[in-house]
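Construct all of the structure, not just a fragment, from the sequences and the given hints.
Just so we're aligned, residue 1 is where the sequence shown starts under my numbering, counting upward by one.
Be aware that a few hints might be false.
[As the list claims (entries may be wrong)] PhoX-like cross-link-like pairs, simulated, lysine-lysine; straight-line CA separation at most 25 Å:
| no. | residue 1 | residue 2 |
| --- | --- | --- |
| 1 | K92 | K55 |
| 2 | K55 | K142 |
| 3 | K220 | K105 |
| 4 | K160 | K105 |
Just so you know, these hints were derived from the structure itself, not from any lab.
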Amino acid sequence: MLYSLEMQDYKSLSQGLEITALFLGWQDYQSDLWLPVAKMTWKDDFSQYCFRYTKGMAQAIEVSPIQKSSFITHPDRLYRSHITQNESLKFKSRMPLSRTRYVSKQQQWLGLPEDPIDPIAYVSRSGGRRYQDSYNVFPEIKPDSQGNYHFHFLPLDVSKLEPDCYEYLLQLAPGDRLEITDNRLNDGRFQLGRLPGYLQEMARNCPAAIQIEVARVNPKAPQFHSLLCHATVNGALLTPFAAPEYQTYLEI
Numbered sequence: 001m002l003y004s005l006e007m008q009d010y011k012s013l014s015q016g017l018e019i020t021a022l023f024l025g026w027q028d029y030q031s032d033l034w035l036p037v038a039k040m041t042w043k044d045d046f047s048q049y050c051f052r053y054t055k056g057m058a059q060a061i062e063v064s065p066i067q068k069s070s071f072i073t074h075p076d077r078l079y080r081s082h083i084t085q086n087e088s089l090k091f092k093s094r095m096p097l098s099r100t101r102y103v104s105k106q107q108q109w110l111g112l113p114e115d116p117i118d119p120i121a122y123v124s125r126s127g128g129r130r131y132q133d134s135y136n137v138f139p140e141i142k143p144d145s146q147g148n149y150h151f152h153f154l155p156l157d158v159s160k161l162e163p164d165c166y167e168y169l170l171q172l173a174p175g176d177r178l179e180i181t182d183n184r185l186n187d188g189r190f191q192l193g194r195l196p197g198y199l200q201e202m203a204r205n206c207p208a209a210i211q212i213e214v215a216r217v218n219p220k221a222p223q224f225h226s227l228l229c230h231a232t233v234n235g236a237l238l239t240p241f242a243a244p245e246y247q248t249y250l251e252i
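Following this line, the structure appears as structure tokens:
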């Protein structure tokens, strides 16, 4: 397996980054609605994984015939825990399993060690997006000693930037502060991409709680990987993922 690790190394990498779970977000492109729809947790020794739908999925079922159709035969599946010995397929397919040619470079672009590869850390920063996909992955994390939360992410729509804007992006430096306007990043001159759904929600609910800065610029990477950002969320003003749609159902 591409990312085979000693279990001790795997544990130290993920827990060192304070990742306690992974969420799966879903985007309805017709209405532009974004919702968290599932959550995956694991045992400390990574011997078992638990996949559960969140209450956001119930909202997704109400607005999306496609989502609704997947529960018609077994509607109780929404309330069940799914225990596996490996990562849930909905998350595993977004981890660096089938991308052997580019993973080591992607690790570097994501600001992660090239070896060993930690798939949980990888997908928490990359978002696990696939071509023409309506899902993304993002991490639940613990706050630091000051009570703040730290997320690393790749802005959306960077590949759609105009050439002059993209050239300007490549001149940014780590530590440069970025502003948020209508869910889009800018430095006062150019728009530089869009926030992922989970950060859009935070910025909408409490804009004063979030600060964004450039973490890394990758001029030789594909455009999608060219800009890595770091979001600091002030835990005194906002607790991430406390809203009802992020909560999982009690087992029935």
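To see whether the hints hold, each was checked on the structure:
The straight-line distance between the Cα atoms of K92 and K55 is roughly 22 Å, inside the 25 Å bound, and the hint therefore holds. For the proposed pair K55 and K142, the alpha carbon gap of about 22 Å is at most 25 Å, so the pair holds. Between K220 and K105 the alpha-carbon distance is near 10 Å, which keeps this suggested pair within the 25 Å criterion. The straight-line distance between the Cα atoms of K160 and K105 is roughly 22 Å, inside the 25 Å bound, and the hint therefore holds.
Checked against the numbered hints above, the structure violates none of them.
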